[in-house]
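Asks: Chains as they are written, first to last, in my numbering: chain A, 247 to 539; chain B, 4 to 336.
These aren't lab readings, by the way, just hints derived from the structure by calculation.
Treat the hints with care, since some could be wrong.
Straight-line C-alpha distance at most 20 Å; calculated EDC-like pairs for lysine to aspartate or glutamate [as the list claims (entries may be wrong)]:
1) A:Lys364 x A:Glu256
2) A:Lys511 x B:Asp252
3) B:Lys145 x A:Asp509
4) B:Lys161 x B:Glu172
5) A:Lys511 x B:Glu148
6) A:Lys364 x B:Glu148
7) A:Lys511 x A:Glu256
8) B:Lys145 x B:Asp252
Rough simulated footprint, nothing fancy, chain B against chain A, three-plus residues with beta-carbon under 8 Å [unchecked claim]:
9) 323–335
10) 450–458
11) 489–501
The structure presented is a predicted model; accordingly, all values stated were derived computationally and were not measured.
Yeah, the Cβ is synthetic: ideal placement off N, Cα and C, and Gly gets one too.
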Amino acid sequence: MAGFLQQVVEGLGAGAIYAGLALALVLIYQFTGIVNFAQGELAMFSTYLAWQLTAAGLPFWLALVVTLVVSFAGGMLIERVIIRPVEGAPELTVVIVTVGLFIFVNAAAGWIWSFTIKDFPNPFPEGAFRAGGVSVGYSTLGILGVVAVVMGLLYLLFQHTKIGLGMRAVASSPQSARLVGIRVGWTLALGWGLAATVGAVSGVLVAPLLFLDPNLMGGVLIYAFAAATLGGFDSPLGAVVGGLVVGVAETLAGAYVGFIGSDLKIGVPLVIILGVLLLRPQGLFGRAVVERV
Amino acid sequence: MSEAAEARASGSRWRVAANRRWIIMALLLALTCYAPFQLVPFRVFQFTMVLIYAVALLGLNLLVGHTGQISLGHGAYFAVGAYTAAILLHSWHVPYPATLPAAAVAAFALGLAFGVPAVRLRGLYLALVTLAIAIFLVPLLKRFESVTGGSMGLTLAKPVPPAWTGLAEDQWLYFLTLAVAVVAFLVTRSVLRSRVGRALHAIRDNEAAAEVMGVRLSFYKTLSFAWSAMLAGIAGCLYTWVIGYVSPDSFVVTLSITLLAGLVVGGLGSYWGPLLGGLFVMFVPSISQSVNDAAPGVVFGLLIIAVMYVAPTGLAGLAGRAAYSIKKTLRKE
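Given these sequences and hints, build the entire structure.
Replies: Quick look at the structure:
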């Protein structure tokens, strides 16, 4: 039993990271209906930025703040410059553009920082907290805590500020929002900025566990997709719940299903994505979309 | 001029234009047959690879360019074709011409298997699922080590040119690939010109309207998926013949994304797009790699975005537009 609980805890730790990136995906999807395939790569780029700053001698937390600010600005800039021209274009076009962005950012990071792996400092102390035969690493606790804080801040932003109200208005109906005087274009850019910031947080959380290299988020992205699909692409809460479920499912499948083992764990998100899309396409917390022809 | 004479004149002009098209095709074919006798073996190898990519892109184009369904996982079908051929050659010692239909059937079946659930998915969800498949395939290949050779891959003997041809190995492989590519092009072209092709275009342009017109969406989408996978599988089989080695690391997700990039730059939904895309996929990395290891990715990424903005029909569309405007200025003079 303790062994099982231990696996669940490990799974929650991994799931919190997937939840972070899934949250970033959902933020953009909610406002623009775009799934950003480059989200993971943007997070990776931000993580390199944080690494560069700490390597230059900045204390970790200051470097983190600077990275988040730069990521926010970068996300807005990308929306304004790259995504703007294809807004409202067919899905195929938009997907291809974000795939182009994916390839570009990945290669650019390789060009600037080379493809050799780097050690990323762990912001959380070593060691673990023990309770009833289960040991919970401080870094797992830290990751869970950070994701909870991010989630809470987003909740406050959306539900209790004027900007958040405007953002929700744009998400529900861009045309009506424009009619009541909300600047829709800037709100979309704001969404991208927020998503880039949340993505940067998930990158910084995952880097100490996986080592930093340009393909850092390649593996995480597919889990984040599974998490967002499971939770519903238009529900931030769903993204977090989905992330945790995916993390636990993956860890348990790897530990207890002999056939899957540790090498085939990557099949778990595929099964989850396929299963959810076939059985409940809107996800657990999403709204079903009725298309008018 | 009387009306009848005018009609006759325009008819004959049309005939000249049609003939010119065939003359250009024949010249191009003659050139492609003559080239391997003039080039060094390494160049012949490179052009063989261009043709292989072109066959794979032909399949991807059918799905993405003509049916409007996205796939980020065509590298998986390519890999299935390559591995089917390699396993048959390695474990069963099947004569190599027989591996081509086997690879085609295997990829077709897989395409059909994924096409059935994929019919229910739209746009980005389809992109997600196909991407997940491409990512999942590599660990799967590594896992079944007894059959696939695991991470080490399988090394195979390349097809030996029959004595009567008098060709060197690289030239023989080139002509084999060329023959398959020409057949694939012609068959796909006639499929697209038939009622099937019109149905696919209708689905791409407006699904609801197509359905109202009586196009069975699920049937045609699945067919397009399977056919497209089959062409990618054929390309994979040719790859195994030409390279003589398969390993999981040749088929990572980058391959799928590179294929899509090549198709977009070559020209979505155009007849020449796959060939131009093949040239692009083969030569742009090898040229830009001399600058920096990451340069091909930077070039690919920027070009994809730029092409989607300024020339959604890719290089093929640009070439067509250039030819048209040249013709127009010539006629004015």
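Asks: A separate judgement is required for each hint: does it hold in the structure or not?
Replies: Right, here's what the structure says about each hint:
no.	hint	verdict
1	A:Lys364 x A:Glu256	violated (24 Å)
2	A:Lys511 x B:Asp252	holds (18 Å)
3	B:Lys145 x A:Asp509	holds (9 Å)
4	B:Lys161 x B:Glu172	holds (8 Å)
5	A:Lys511 x B:Glu148	holds (17 Å)
6	A:Lys364 x B:Glu148	violated (31 Å)
7	A:Lys511 x A:Glu256	holds (14 Å)
8	B:Lys145 x B:Asp252	holds (9 Å)
9	323–335	holds (count 3)
10	450–458	violated (count 0)
11	489–501	violated (count 0)
Hint check: violations occur at hints 1, 6, 10, 11; the rest are consistent with the structure.
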